[in-house]
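Trainee: Chain residues, written in single-letter form:
There are 6 protein chains.
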Amino acid sequence: MKLLIVNPNTSAGMTRAIDEGARRYAQPQTEIVTISAARGPRSIEGYYDAVVAAQATLEALLARQAEFDAFIIACFSAPGLYAAREALAAPVFGAGEAAMLMACTLGHSFSIVTTMQRSRPALRDLVRLYGLEQRCVSIRAVELPVHALDDDAAATRALFAEEGRRALDEDGAEVLVLGCAGLSHLDKDLQRELEAPVLDGVTCAVKLAEASSGYGLRTSKRRGFAALPTAP
Amino acid sequence: MKLLIVNPNTSAGMTRAIDEGARRYAQPQTEIVTISAARGPRSIEGYYDAVVAAQATLEALLARQAEFDAFIIACFSAPGLYAAREALAAPVFGAGEAAMLMACTLGHSFSIVTTMQRSRPALRDLVRLYGLEQRCVSIRAVELPVHALDDDAAATRALFAEEGRRALDEDGAEVLVLGCAGLSHLDKDLQRELEAPVLDGVTCAVKLAEASSGYGLRTSKRRGFAALPTAP
Amino acid sequence: MKLLIVNPNTSAGMTRAIDEGARRYAQPQTEIVTISAARGPRSIEGYYDAVVAAQATLEALLARQAEFDAFIIACFSAPGLYAAREALAAPVFGAGEAAMLMACTLGHSFSIVTTMQRSRPALRDLVRLYGLEQRCVSIRAVELPVHALDDDAAATRALFAEEGRRALDEDGAEVLVLGCAGLSHLDKDLQRELEAPVLDGVTCAVKLAEASSGYGLRTSKRRGFAALPTAP
Amino acid sequence: MKLLIVNPNTSAGMTRAIDEGARRYAQPQTEIVTISAARGPRSIEGYYDAVVAAQATLEALLARQAEFDAFIIACFSAPGLYAAREALAAPVFGAGEAAMLMACTLGHSFSIVTTMQRSRPALRDLVRLYGLEQRCVSIRAVELPVHALDDDAAATRALFAEEGRRALDEDGAEVLVLGCAGLSHLDKDLQRELEAPVLDGVTCAVKLAEASSGYGLRTSKRRGFAALPTAP
Amino acid sequence: MKLLIVNPNTSAGMTRAIDEGARRYAQPQTEIVTISAARGPRSIEGYYDAVVAAQATLEALLARQAEFDAFIIACFSAPGLYAAREALAAPVFGAGEAAMLMACTLGHSFSIVTTMQRSRPALRDLVRLYGLEQRCVSIRAVELPVHALDDDAAATRALFAEEGRRALDEDGAEVLVLGCAGLSHLDKDLQRELEAPVLDGVTCAVKLAEASSGYGLRTSKRRGFAALPTAP
Amino acid sequence: MKLLIVNPNTSAGMTRAIDEGARRYAQPQTEIVTISAARGPRSIEGYYDAVVAAQATLEALLARQAEFDAFIIACFSAPGLYAAREALAAPVFGAGEAAMLMACTLGHSFSIVTTMQRSRPALRDLVRLYGLEQRCVSIRAVELPVHALDDDAAATRALFAEEGRRALDEDGAEVLVLGCAGLSHLDKDLQRELEAPVLDGVTCAVKLAEASSGYGLRTSKRRGFAALPTAP
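Protein chains in written order, with this note's numbering: chain A, 1098 to 1329; chain B, 1098 to 1329; chain C, 1098 to 1329; chain D, 1098 to 1329; chain E, 1098 to 1329; chain F, 1098 to 1329.
The shape of chain A in the complex, shown without the other chains (with noise of 0.2 Å):
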C-alpha cells in the first residue's frame, strides 16, 4: 500500500517527526511518502489556523491523489479531515480520529493530554464530532506551545507524565491518548513509566489505514461524502 501522510502546517522539522513516528510500526509492504502542507502556520495553535491549514492539506491531498492507496492527516484535529473524504476516493484518516478509535479497543476510557489549555473546547467538540464523548473522560493540557515542544525534551516529557497521570488517577482514564501529532517519541516511553496504553495519533493513523486498505474499504460516497460534481 502506498500511503501518504500530509503534515498540515509548515514545520519541516514536525514533518520529520511525524514521517520517523510513522515509519516505526508500519509494514514493511507499507510505502511512506510525509510531506508538509506548502503554505499555512508554522504550528496550528487555533482556528484560524486551522482553517488555513485546512486549504493548504487539501490542496496538498488533491495534488498527489493519484499516486497513493490511503491518505493520513497527520494532525490531531485533522484540519480538512471531512472535506478529504469528501473529495478523495480513497480512504482518509485523522491522527486524533484514529488514536481514539484504537483507545477504545483497550479500556473503557481514555484521556487526551494536549498541548495548550485554550485548545481544550475545540477538542471536547471534536471528540463530539466524532461521537465519543462517552469514552473520552478527560482532556488535559500541559500549555507548552507546539512550537515550544522540542525546546527541553525532558521538560516536555515530564509535563506529559505529570498530567497522564492525573488523568488516570484523578479522572478514571485507562488509555491516553496523546493530543498532539508529533510527539510519537514519547509514547512506549510513558507508557511504561504509567503502566498505561500510550498512543501516538499519527501511527494509529498509519495502522488503521494498513487494516482499512487490507479490507479493501473506501469512504462511503452514498450521502455525506459524496462527491461533487463541482469539487476538484
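Hints are computed from structural coordinates only; laboratory data are not their basis.
Hints should not be assumed to be uniformly reliable.
Because identical chains share one entry, a pair is satisfied inside a single copy or across any pair of copies.
To be verified - Lysine to aspartate or glutamate pairs mimicking EDC-like chemistry, simulated, CA-CA at most 16 Å apart:
| # | residue 1 | residue 2 |
| --- | --- | --- |
| 1 | Lys1099 | Glu1128 |
| 2 | Lys1285 | Glu1117 |
| 3 | Lys1318 | Asp1266 |
| 4 | Lys1318 | Glu1290 |
| 5 | Lys1318 | Glu1292 |
| 6 | Lys1099 | Glu1164 |
| 7 | Lys1099 | Asp1116 |
| 8 | Lys1099 | Asp1166 |
Place chains B, C, D, E and F on chain A using the hints.
Mentor: Just chains B, C, D, E and F, lined up with the frame of chain A:
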C-alpha cells in the same frame, strides 16, 4: 451599529438577496454592508467548498474588521465562524446558529429544511456542535442544489412548503428554520401558509447582532476564542 | 414595542431593581412597564415558592395581555414561562433562558452563578429543559438567600466574583450567567474584573424581546403551546 | 400505612375513578383517602391548567399532611410533585414517574400512550426531567381530550389499543404506560389484548408508596428538596 | 407471594446476611427463600467472576422456577439479570437496579458507594445500561474487597460513611445507594449519621417484587425478553 | 502474529465459515487458529445463550492463552469480551465492536443489519456500552434465526440486501455492519450491489488485531480490566 455581512460564496445574486433580506427587519440605526467572499465557490454544496469559503470569509472579515461593530457570516453553516470569533474582537454571528437559538424561544422544537440530502449529516453535526440536539427534531431537504433555488421560484417555494409541512406534522416540529441563506424572501410567506414560525438565519443573525451590540457584549476571550499572538 | 416585565415575587425593591436593569440597554423606542406579582412569596427560594409565583405571574400577564407586544418573566427560572407561552398570543421570554441563549453566541460554554446551593438541582433541570446541557459546564452558588443579596452590596459582589472566577478557572466556563434577577447592577462590573462576559437574564430577555419583535416573531401555536379553548 | 391521593383536577367522576383504581391492588393494610383539588380546572389539558392545579394540589396536600404517611399526586404529569417533596416530610409519588420506573423493571423500553397530541412535548420534557429518555421509545396520543374519555368507553378503549399496538410494533416498546390518570380500568384489559404489560400510573404509585413506606424511606432533605424556613 | 433470592456467589455467610437483610422489611405474607449459587466465585470482584456467577445463578433460578412468584438476583450488578428475564415467566429483580429506581423517587440524584475502585467502570456501564446516567452523579469506592467487608465491621462502616459524606457534600448526591449486597445492616445506621436516604439493593428488590407482584405485573415477552424455543 | 479466534457457539459449520472469512484479508504473516466453544448453544439467539457462551468462550481463551498474541471473540455481541480483557494479558477483540469502530472511519453513520427482531434491544444496549450511539442510526433485522441463515443462501442474501437498502435510504446510514458472524461471504457482494461499505465483524477484528499488535498495544490494566488475584 455598523454591521458587516459576509456572504461566504462568490455569487453576486446571492449577496444581493442576503443584503435585501438582512435589511428588511433591521433597526433604522443599523448600518449594514454586505459583501461577497473575494474568491471561492459560487455556492457551498459540501465540505470542500466550506473549507475554501472559510478562508475567503476570514480574509474578508479581517480586511475590514476595524470599520464595524459586529459581523455576520451569511451562510447557514457559517464556515469559519469559530475562527472569526477567535480572530476578531467584536462579536460574530452565524446564520444557522442565530436561527436555531431564536427558534428555541418560540417552540419546544424546530426542524431545519435545507437544500440537499447530502448536507444532512453535516447539519446534524452542526446542531450537535451548537449543543442543540435536544431541540432539533429533524433535518429535511428539498433536494435542490443551491444554484437551482432561483430557477423556478414557485417550485422552490412549493418544495420548502411541502417539507416544512412534513416537519410540522410528522416530526413534531413547532418552528421551522430555513437551512440556507438567500431564502429570506420565503419566511413570512411560508409562515402564513404553514401557520408556524419560519426563520431566516441571516435575519436572525442581524437581530441577535443588534441585541448583543445593544447590551455591549463581545466574544469571550477566556479560553477557546482567545486571540493568538500569531493570528493575523 | 410595548414590553411588560413581571417580577414573579412581591418584593417592591426587587421590582425596582429589575426595572432599572431592564431600561439600561433597551432601545429608545421600547416602552417598558415592570410590575410585581400581586401575591405570593417575597422571594423565590424553592419549588413551593415557584408554584405560587407561577400562578400569580400568569394572572399578572393575562390581566394586561392586550396592552403589550411582548412579555418577560423576570426571574431566572421564570415560573409559568411555558404556561404563558401557551396562554398568550405574543412572545414571552424568561430571564434565565434568554441569558443562556445569548451566552451561546459568546463562548463555547457558560456557567450559572446563583444564590443558594439548594437551587442547583432545579437549575440543572432547567438547563436540561432548555436542552443546553452541552453548553453549561457548571452551576455554582454563593450561598446567600435572595433576600440577603442587598444586605452588604460589597460582600455580595465579592462572593459572585469569587464563584465566577472559579467557574472560569476551574470549570472552563467562557461566559458567566447571573443566576438571579435583580443582580443586573453587577454585570459590567464583574465583566471588567473577571475579563469575561457576564450576562444578566432580564437584560438579555429585553434584548431578545426587541429582536424577536423586530422580526415579527410570535410563539408557535402548532402543538405544545397551542391555545386551549378552556384557557383564560 | 395511611395514604392520601390527591386528584389535581376538580372532576368528581375522575376522583372516583382514581380512587377505585387505586384500591384494586392496594395491600389490605393500606388506608387510602382520595380527594380532589378544591379549585382549579376540571381536567388538565395544558400548561396553564397544570400551574393552577399545582397550587391547588399543594394546598390539598398541606392541609392534611399530618394525617398521612405518604402522598400521591394522581395525574400523569403530577403538577406540584417537586414542590410537594420539598414541602412535606413524608414521601410523595407522581403517577407518571411511578409507572415509568416500574416499567423499567419489565422491559428494555416503554411507550406512553396519552390523550392529546398537544401534550406530547410536555411529556417528552417530563421524561427528560426524570432522566428516563433512554428507556422511553415513544409518546403517542389518541387525540381525545380528557373530558371525552368517558363519552364512549368502547371507542376510547379501541383508540388506546390501536396506539398501544403501534407503540409495540412500530416503535419497539416492550411495556406500555397509560399517559393519563383515570384510565386504570383499561390496564388489564389492554394487557390481555396486546400481550404486553400495560401500567396505570396511580396504581404504580400506590405500590411504590407501599414499598417505600415498608422500607421506611422518606424524601431526601439534603439539597434540592430541603425544607424551607419560609415554606408553609 | 413466594420469593426466591439467589446470591450469585457461593459464600454462605453472604447468603445469610442477604437473607437477614431481605426479611427485615418484607411484608408478613412474603415467603422468602434465599439460596447460593451452587458453584462459582466466593465473591464477585470482576468481569470473569460475573460471567461464571451469571451461569450459576441462572441454573439456580431455573431449577426452582416453578415454586416461586418472583425472583431476585442478590448482587448489585445482578449477573444474568436479563437472561433470567428472558428465561423465566415470572418477574426478576436485580439489587442495583431496584435501589437506583427507588432512589429516583427520593431525590434529584444518587451516588453509588461500592467496594473497589476497579468496579467503577463496570458500574458506570451498568448505570448506562439502565438508562439512569442523568440521575447518578457519582460512583465512589471504599477500596475494600468484598471478602474483607466483615473483617472489621466498624472500619467498614466508617469507610462507607466517609465516601457517602463526600458523595453528598462534593458530588451533590441527595440519596446514597450501597453498591454491594450484604451491606444491608449499614443502611439505617448510615442514614441516621449522614441525614440522607441510604438504600440497600436487596431490600429495594424485595419491596419492588412485592409491589410488582401485588399489581400482577410480569416481564414483557414482546421482543427482547421473549422466551426462546431453545431456552432451558 | 498468532491469532486465536473463538466461535462462541458450537456449530462446526459456523466455525468453518468464520475461519474462511477471517483468512480472506489477513496479512500473510498472521497465523490464524479458529476454534469453537467446547460446549454451549449451537447458535446464540438470546441472553441465556450468551451467558452460557460467555463462560465457554472464556474457557477456550484461557486454555490456549499462552500460545497466541491476540484473541478474537467471533460473535457480533462477543459474549465474555470484557471478562476476557480482564483475564488475559494480550489484546482481545469483539466482532461487533471492531466493525463499528472501523465503520466510524468510513462514514458519518452506520446501521447494523442483524438476524432477529428480538436481538434489537440487546444490540442497542451493546452500541450504548461501546458509546457509539451517536454514530449508529438504526438496527435492522431480517427476521431469520441464525441456524436458518444457510438454508437458502440466495434468500438470505436478498433479505440482507433489502434491509441494508432501507438502512441507507430511509435511516440515512452511510455504512452497513453485518450483525452476525458467519456472514462474511456477503460483505463484498452486498457492497457492490448497495454501493456502500458493508463490514464483516470478524474481518474487522482480524484487521484491528493486526493493527494493534503491529503497534505493540495491549489491554490497559489500570482499573476496570486489571488482572484479579482470584482470576484463573
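Trainee: Now look at each hint and say whether the structure bears it out.
Mentor: Structure-based check of each hint:
no. : hint              : verdict
1   : Lys1099 x Glu1128 : within (5 Å within a copy, 24 Å between copies)
2   : Lys1285 x Glu1117 : within (14 Å within a copy, 35 Å between copies)
3   : Lys1318 x Asp1266 : between (42 Å within a copy, 13 Å between copies)
4   : Lys1318 x Glu1290 : between (43 Å within a copy, 13 Å between copies)
5   : Lys1318 x Glu1292 : between (41 Å within a copy, 8 Å between copies)
6   : Lys1099 x Glu1164 : within (8 Å within a copy, 33 Å between copies)
7   : Lys1099 x Asp1116 : within (14 Å within a copy, 28 Å between copies)
8   : Lys1099 x Asp1166 : within (5 Å within a copy, 27 Å between copies)
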